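Colleague: If you want the building blocks of each chain, they are given just below.
2 protein chains.
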Amino acid sequence: MSQPPRTIEWIGDAAGFVRLLDQTLLPTQVEYRDCRTVEEVWEAIRMLRVRGAPAIGIAAAMGVVVGVGQATAPLALEGEESGVRGMGQTGMFAPRNAFAERLREVTDYLRTSRPTAVNLFWALERMAKHVERHLEKLPAEKLRGMLLEEALRIEEEDRGICRAIGAHGAALVGEGQGVLTHCNAGGLATADYGTALAVMFAAAEQGRKFAVFADETRPLLQGARLTAWELQQRGIDVTLICDNMAAQVMRERRVHLVITGADRIAANGDTANKIGTYGVALLAKAHGIPFYVAAPSSTFDLSLASGDAIPIEQRDPREITHGLGRQIAPDGIKVYNPAFDVTPAALIAGIITEKGIIRPVREEKIREMIT
Amino acid sequence: MSQPPRTIEWIGDAAGFVRLLDQTLLPTQVEYRDCRTVEEVWEAIRMLRVRGAPAIGIAAAMGVVVGVGQATAPLALEGEESGVRGMGQTGMFAPRNAFAERLREVTDYLRTSRPTAVNLFWALERMAKHVERHLEKLPAEKLRGMLLEEALRIEEEDRGICRAIGAHGAALVGEGQGVLTHCNAGGLATADYGTALAVMFAAAEQGRKFAVFADETRPLLQGARLTAWELQQRGIDVTLICDNMAAQVMRERRVHLVITGADRIAANGDTANKIGTYGVALLAKAHGIPFYVAAPSSTFDLSLASGDAIPIEQRDPREITHGLGRQIAPDGIKVYNPAFDVTPAALIAGIITEKGIIRPVREEKIREMIT
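Here the protein sequences line up with chains A and B, keeping their order.
So the first sequence is residues 1 to 371, counted in my numbering.
So the second sequence is residues 1 to 371, counted in my numbering.
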């Protein structure tokens, strides 16, 4: 199987930058975007140039390195010369703490880029924690190097996690079966290889033939643009359908299994994922088809008792009315555009993680596997 | 409430033509298309410039008038002069039968424009039957006049039917409730006023306030382009959603009732309608929300025992991949594009017809109401 282009990459040393595959241009254009400021990383996450919970986490981690780099050089110099500190600060900190202040500023800022994917917060917290004890002791340059190492470690770990998810889930996909997926939980949503798609890639690597149905996933069409493209690139039999055709394809007995990714999973297994996932899970249940979620353990938010506590991002109505190159609804029309929905644990046959499959999906099973 | 533009109109006398509102250009352009040949009417039906089961029936009926007009004049002349008959025929008929032959040719041709909506076949059969006994006796000009009268009668009857459907169904929509609809079963799908939307228009005319959620209805977006527009034009509170958001809106308890149209209903109540309807019906059931169909009795095809016998039109993959002004999927991707699905009678709380509401949906109740 050929490899699709890299989703995200750090270029250079700690003074380098983030190179992202601009996913808003796929599949007709394969273009990269270099982010040399934290604002550019924030914009890339917000505008879905990089998307998918794990990839957002990696981009945010690298965004921290870019962000502290932007200001620490001048700040460190200023601090050495005059005792002046971080942007907008009023002199409460010693020069060394200008870095801590900037780090906080950068992570707070990146946290606002998307509200639902927990990997974002997880990665930012992990980055901050990594240097926490050294902030008072080490020079900015050293801290920045440490942050880069941690960002690259998150990326590298994600590769391993994706492979492990694939290995654990592959046996679910039987010879000659049909698999339906929603949105994109592929290599483009992660450092490489994906979560839901990792299961399919691994099954294909084991030599099995099967058919994938990819929901196009309105409004932003990640299924049509990204999932269809990734599967096609890897030579897997894929058929594109509109979201509203999933029930019909299930009724025709073409689907034996549904696998999707996840953006945040509560302690009881309730799973936030791309809008439409909950509906697919209900349709799968109505047809007796098992519905699986594939996600790294960093997607679990055990601080939330259930999915009711997961905030659902509401996005710009124009994504629906104007997002496709042509205005498709009358001027002034009212639009509801939630980016995610929550699938109750009761509809999920199992959650495929890098540590194994959680099945049945119950709080004690989750805690046992994840913690 | 203001009136939207006319969907379809006959202009002039029996030598006149069909004027259609080109629905493929809505909502951004309101443009009419004059069809002076049966080929133009065929194209307008096939390309969905006119769509919706009742409107297709009316367009086809008017198409017959245009079609026999195109050729009967020359055919009649030829017949009178030389005994030569209809295009491609080899002389089996007397000159008077040139009209009958052309009528058969025109109706056979129009029958191929769309395969699923039964009103098309119903209207063509009715047109043919209307002149059947007179073919041997009356001159072409007279027959053509009779056909126009019948086409206008079908149109006029449809107006009455829509009003009656609205009157029967209006009480289903309660004050402050939410109603979800899929595709467009409004004035644009009929001569006027609609079927599913007729129920809402009638409820609004009775002074009730309620909220409508319109599924955008991929791939051709009849919900976004047509339903949202019609409701907005009539001052009804309407919110546009993507098809995959219906489950979420139901879960949030914003929907108390679903009403859709129908393209063909089998003797047992199984209902073919726009792709996605079956999924909506399943989601409604999962949330305990009643799912209603609104359709004239001409939509019933009592010759079919169940929905399994309804042929499902498969449409061009490019409607999905290229239909929105921008290519949204990779080159060469495989696509499945059924235009309709079948909702089993068991999922339908009632069918609102011009004669009353069929409830529960069972064969004997249907036969009782329809025949």
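A portion of the hints provided could be inaccurate.
Pairs count within a copy or across copies, as identical chains cannot be separated in the list.
Derived EDC-like pairs: lysine to aspartate or glutamate, alpha-carbon spacing no greater than 20 angstroms straight-line [unchecked claim]:
| id | residue 1 | residue 2 |
| --- | --- | --- |
| 1 | 334 | 237 |
| 2 | 334 | 252 |
| 3 | 355 | 13 |
| 4 | 334 | 105 |
| 5 | 209 | 108 |
Please keep in mind that the hints were generated in silico from the structure rather than gathered at the bench.
Source: prediction; values computed, not measured.
Colleague: None of the hints should be skipped; say for each whether it holds.
Modeller: Results for each hint:
{"no.": "1", "hint": "334 to 237", "verdict": "between (39 angstroms within a copy, 8 angstroms between copies)"}
{"no.": "2", "hint": "334 to 252", "verdict": "between (35 angstroms within a copy, 17 angstroms between copies)"}
{"no.": "3", "hint": "355 to 13", "verdict": "neither (32 angstroms within a copy, 77 angstroms between copies)"}
{"no.": "4", "hint": "334 to 105", "verdict": "neither (36 angstroms within a copy, 47 angstroms between copies)"}
{"no.": "5", "hint": "209 to 108", "verdict": "neither (46 angstroms within a copy, 44 angstroms between copies)"}
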